[in-house]
Amino acid sequence: MSLPKPDELISDVKLHSTPAKDWMEIKPELKKGYYLSIVEPKYLEELDLNHMGKWQPYDEKWPLPDGWQETVKEELQRRMRMNRAFKLFMDICVRCGACADKCHFFLGTGDPKNMPVLRAELVRSVIKGEFSTFGKLFGRLAGARKLDEDVIKEWFYYFYQCTECRRCSVFCPYGIDTAEITMMMREILLELGIGTDWGIKPVHNSYYIGNHVGVPPQSFRENLEFLVWEFEEITGIKIDLDKYINRKGAEIMFVPLSGDYFAEPGIYTMLGYLVLFHYLDLDVTMSPFATEGGNFGFFNSLEMAKRLHSKIYDEAKRLKVKWLMGGECGHKWRIWHQYHNTFFGPLDFLEVPKSPITGTVFEHAKSNKIIHIVEFTADLIAHGKLKLDPSRNDHLVVTFHDSCNTSRGMGIFEEPRFVLKHVCNNFVEMPENTIREKTFCCGSGSGLNAGENMEIRMRGGLPRANAVEYVHKEYGVNHLACICAIDRAALPTLLQYWVPGVEVGGLHELVANALVFEGERSRDVDLRRRPLKTPVKGVD
Amino acid sequence: MNVGWSFLIFLVLLLIPWVGVGVLGLQGLFAIVIPYVCFLVFVIGLIYRILNWAKSPQPFKIPTTCGQQKSLPWIKYSRLESPFNTFEVVLRMVLEVLFFRSLFRNLRADLQGKKLIYGSAKWLWLGAILFHWSFLIILIRHLRLFTNPVPSVIQFLDYMDSFIHSFGVPPVYITDILIIAGLSFLLLRRLVDAKVSYISHGSDYFPLFLILGIVITGVLMRYNLKVDVYAIKQLTLGLATFKPVVPEVKIGTIFYVHLFLVSVLAAYFPFSKLAHMIGVFFSPTRNMPNNNRADMHVNPWNYPVKHLTYAEWQERFREPMENAGIPIDEEAEKEEHEWYTIYGPNKNLNL
Amino acid sequence: MYNAGKVIVFIVVLIVFFTIPMWLNFGRVEAIPQPELPKDKAKCIESKEYMRAYHMKLLDDWRKQAIRENKHVYVAKDGEKYFINLQKTCMKCHNNKEKFCDSCHNFVVTHPDCWSCHIAPEVAEKWQ
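Residue numbers (the working numbering), protein chains in the order written: chain A, 2 to 541; chain B, 6 to 356; chain C, 6 to 133.
In isolation and in its complexed conformation, chain A is listed as follows (with noise of 0.2 Å):
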């Protein structure tokens, strides 16, 4: 794939023009690098969906199913009888446009039709088209219109353009929240079987061998084989892998993330999970099913979020655990803070959470029996049960990325910065509009971080590449530090295009690398083998 330099990329992007055609007269032109592959049929029927057979989004006739409007329209109607939240979204936009420049797939493309309030748009003119008596009467002055084919490659085009951030909710007056639109909509669309090729196989694997990349429990311990062997090689400490994996009547259940332990930079992340777990010879097992915290099924359906999941309650409850830990991830905290407890509670059979070291009882999470690594080892530090030498972090300069889901949808804002200053010296804040609630998506979330669709991810990451560019510039940052795996897998794509020099990390894997163990072994790396600034000095 390739891609017009940087400075070409974005040089037809105006903010502040518009076309001279309404918006309702302006024809879907799906463009290449935009949008992502539709998956062959026979993963759809395997996970029990519709599919429309062997087609792609730019033929010119889509093979819509016989009915499809009449299923379009009583699948809307069903969605504002079963949620408020989109029924309501669909009803008050005033359309004061404080959501427009808040997206970055519009600060990115300058297409009206990627501002927030234009892509509801999108449904709430077929809305009031089709089932208001308003809007059949004065059509387009009310912003009415009617459903047709062209409306469903609309839909699809851009609804699979909206990385479901809610970056557009916090500026709304009324909390319109696109991410919600952009749910019930691609639920729709899955339902005519229309499912895409990198939304649906990672759900296909995560139902049927438990994690999106399709790594199977034997090349699971492998690849988790292979990172404590590249530890034992830097610093000489020996961790058992027996313990971790299918090990029944432990405290903790660990839910780690599959891009943690398939591809770098996720790989040091998890590394850094286990280093820690070692380091407090924590009470913690993995089950070799339910090997994946994040849940595609979210960027498809809510049906399919909670099929994925389901597994992990029922492993909780076979390896017979207390309560359960994540991994550092986006989107997946974004279900397991706000869905699962609703989905699979009440949590009965667990127990509120209580770190065996500090003793802490996470009061915050009593219901539903879950907590973020990065509230337990934050929890650590305050109570300094970990010993630090943030120095080993020296040739680091870090900034942190808030991920849009656990900023919006979770605010565990203070946690990650509190373990980030007690693990490294150098840590600068990205500037203030670009951070927190006001982050930046990476552009690639909810099921875009595919290949085919590379343009408009590195459109859609511009500002928060922007944003690592000015301190990059500013003050030499070079590492990038972040909670979410989807990040570690798409913004090294992306800096790589807009910034080159800058590298991308979990948090843990900064936390293992300040990590002073007993009777380790000197060295002069860390634990990605980048040259340390100054060196370790073990007991040889």
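Because the hints were derived from the structure by calculation, they are not lab data. Quick reminder that beta carbons are idealized off the backbone N, C-alpha and C, glycines included. You may find that some hints are simply not true.
Unchecked claim - Here are the simulated DSS-like pairs of lysine-lysine, each with C-alpha atoms no more than 25 Å apart in a straight line:
no., chain 1, residue 1, chain 2, residue 2
1, A, Lys43, B, Lys311
2, B, Lys255, C, Lys82
3, A, Lys202, A, Lys32
4, A, Lys6, B, Lys120
5, A, Lys32, A, Lys137
6, C, Lys86, C, Lys53
7, B, Lys339, A, Lys318
8, B, Lys119, A, Lys32
9, B, Lys81, A, Lys28
10, A, Lys6, A, Lys74
11, C, Lys48, C, Lys11
12, B, Lys255, C, Lys62
13, C, Lys104, B, Lys255
14, C, Lys131, B, Lys231
15, A, Lys114, B, Lys231
16, C, Lys76, C, Lys62
17, B, Lys231, C, Lys48
18, A, Lys323, B, Lys339
19, A, Lys388, A, Lys367
20, B, Lys200, A, Lys147
21, A, Lys74, A, Lys33
22, A, Lys33, B, Lys119
23, A, Lys439, B, Lys339
24, A, Lys355, B, Lys81
25, A, Lys202, B, Lys311
26, B, Lys255, A, Lys32
27, A, Lys439, B, Lys231
Claimed, not checked - Here are the simulated distance ranges between beta carbons:
no., chain 1, residue 1, chain 2, residue 2, range
28, B, Leu193, C, Trp28, 35 to 45 Å
29, B, Leu193, C, Pro38, 37 to 47 Å
30, A, Pro536, B, Ala199, 56 to 66 Å
31, C, Gly10, B, Leu193, 55 to 65 Å
32, B, Gly124, A, Gly520, 46 to 56 Å
33, B, Glu343, A, Pro432, 27 to 37 Å
34, A, Pro501, B, Val99, 42 to 52 Å
Keeping the supplied structure of chain A fixed, place chains B and C upon it in accordance with the hints.
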């Protein structure tokens, strides 16, 4: 084009009472029947909208968290941006509804070369605050025409609003100036700002014209085309006490235009985007606490779904697991579980 | 219906808010006061309709003419001439502020500026 059409509709609405009262002399219809009917439509319409929203459950607790969550006791959490209990949610809602807190956050993005620059942009907030607050005060102020004796609170409000006597008789209402400023800004912004203009429908301009029409007729009545306020109060008090009479003295047609536009606004209100006035209270991203992990939210249509069980999975991976040294769970038993789905060919649930 | 309790409270609050005139008047509504008109005069300086709507404008114009422009004669629409003077012209007939002016002004809640300089006949009488 959208602007033109909605302005045309507004003009037609303007002409109706002009002809109806000025030419045909239908005072009774325009003074009593239409206001009553429209008020009824307003109230019943609003209740209908509320019930309609309330009919759908909010399946998940999805607050937009704009601040630090409540987690560890030594971390200060943001009570307003990440409320943990009902009280904090109420505070967040109060600030949202009365002071448009989210809108206050507004930023403006500009692209310079390949640099994105964000600046503060509070004008929209200011325009909206000016308009909404003035409207509310004007509405309350009008109670002087619907009550007798006029409660002292309303007299006081009226007095405060008109305390500037420097511009002649009668003293100007401050809210009159502010609402015109607010509305003009909102209208101009819609016309001039390329993005906002692009997303505007006719139904976005129409209420602006309608309310501007109401304000301008009202202002004209106070300062220029004067009408018999005594007679008007006879009428309005009659309406409020359900003993409506058309006063025998002739009231200027402009009053009927004013009243008719208000009636139209009332009737249009519940069925248009103006329903945001009550919709905002229902917004799940604002009116729910961020305490998901401490307090379970119940989804009324939650249903068990089809998923793979460990036993089925282990059977498939038994051999490689044994080879890799992963312990096998011999106790795991295959179990059938009840499941429903609202998707695909096996759909067995209709919600 | 979901969240029925909260929704019903909300509806009740809304209804109460929008029918507030009813509640404010409830049990205390007073009859509409009738301003007392001079008994022996058939007409004012202008028509009844004009006076009812525009008297404040007329008085304001008078004030400007008398004080700033030194003009003391007003020519009515029917050609008759009047001396521009609130106390000597208007209040010659409308000689009771309380029963004429105030009854209306209090009823519709207006705040005329007249009495910050002028003295009502009945007040003047009392002091004399």
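We went through each hint and held it up to the structure:
no.: 1; hint: A:Lys43 <-> B:Lys311; result: 18 Å, holds
no.: 2; hint: B:Lys255 <-> C:Lys82; result: 19 Å, holds
no.: 3; hint: A:Lys202 <-> A:Lys32; result: 23 Å, holds
no.: 4; hint: A:Lys6 <-> B:Lys120; result: 15 Å, holds
no.: 5; hint: A:Lys32 <-> A:Lys137; result: 32 Å, violated
no.: 6; hint: C:Lys86 <-> C:Lys53; result: 17 Å, holds
no.: 7; hint: B:Lys339 <-> A:Lys318; result: 15 Å, holds
no.: 8; hint: B:Lys119 <-> A:Lys32; result: 22 Å, holds
no.: 9; hint: B:Lys81 <-> A:Lys28; result: 50 Å, violated
no.: 10; hint: A:Lys6 <-> A:Lys74; result: 43 Å, violated
no.: 11; hint: C:Lys48 <-> C:Lys11; result: 60 Å, violated
no.: 12; hint: B:Lys255 <-> C:Lys62; result: 19 Å, holds
no.: 13; hint: C:Lys104 <-> B:Lys255; result: 23 Å, holds
no.: 14; hint: C:Lys131 <-> B:Lys231; result: 35 Å, violated
no.: 15; hint: A:Lys114 <-> B:Lys231; result: 49 Å, violated
no.: 16; hint: C:Lys76 <-> C:Lys62; result: 16 Å, holds
no.: 17; hint: B:Lys231 <-> C:Lys48; result: 21 Å, holds
no.: 18; hint: A:Lys323 <-> B:Lys339; result: 23 Å, holds
no.: 19; hint: A:Lys388 <-> A:Lys367; result: 29 Å, violated
no.: 20; hint: B:Lys200 <-> A:Lys147; result: 24 Å, holds
no.: 21; hint: A:Lys74 <-> A:Lys33; result: 29 Å, violated
no.: 22; hint: A:Lys33 <-> B:Lys119; result: 22 Å, holds
no.: 23; hint: A:Lys439 <-> B:Lys339; result: 47 Å, violated
no.: 24; hint: A:Lys355 <-> B:Lys81; result: 20 Å, holds
no.: 25; hint: A:Lys202 <-> B:Lys311; result: 18 Å, holds
no.: 26; hint: B:Lys255 <-> A:Lys32; result: 66 Å, violated
no.: 27; hint: A:Lys439 <-> B:Lys231; result: 52 Å, violated
no.: 28; hint: B:Leu193 <-> C:Trp28: 35 to 45 Å; result: 39 Å, holds
no.: 29; hint: B:Leu193 <-> C:Pro38: 37 to 47 Å; result: 45 Å, holds
no.: 30; hint: A:Pro536 <-> B:Ala199: 56 to 66 Å; result: 58 Å, holds
no.: 31; hint: C:Gly10 <-> B:Leu193: 55 to 65 Å; result: 44 Å, violated
no.: 32; hint: B:Gly124 <-> A:Gly520: 46 to 56 Å; result: 55 Å, holds
no.: 33; hint: B:Glu343 <-> A:Pro432: 27 to 37 Å; result: 52 Å, violated
no.: 34; hint: A:Pro501 <-> B:Val99: 42 to 52 Å; result: 48 Å, holds
When the structure is compared with the earlier hints, violations turn up for hints 5, 9, 10, 11, 14, 15, 19, 21, 23, 26, 27, 31, 33 and for no others.
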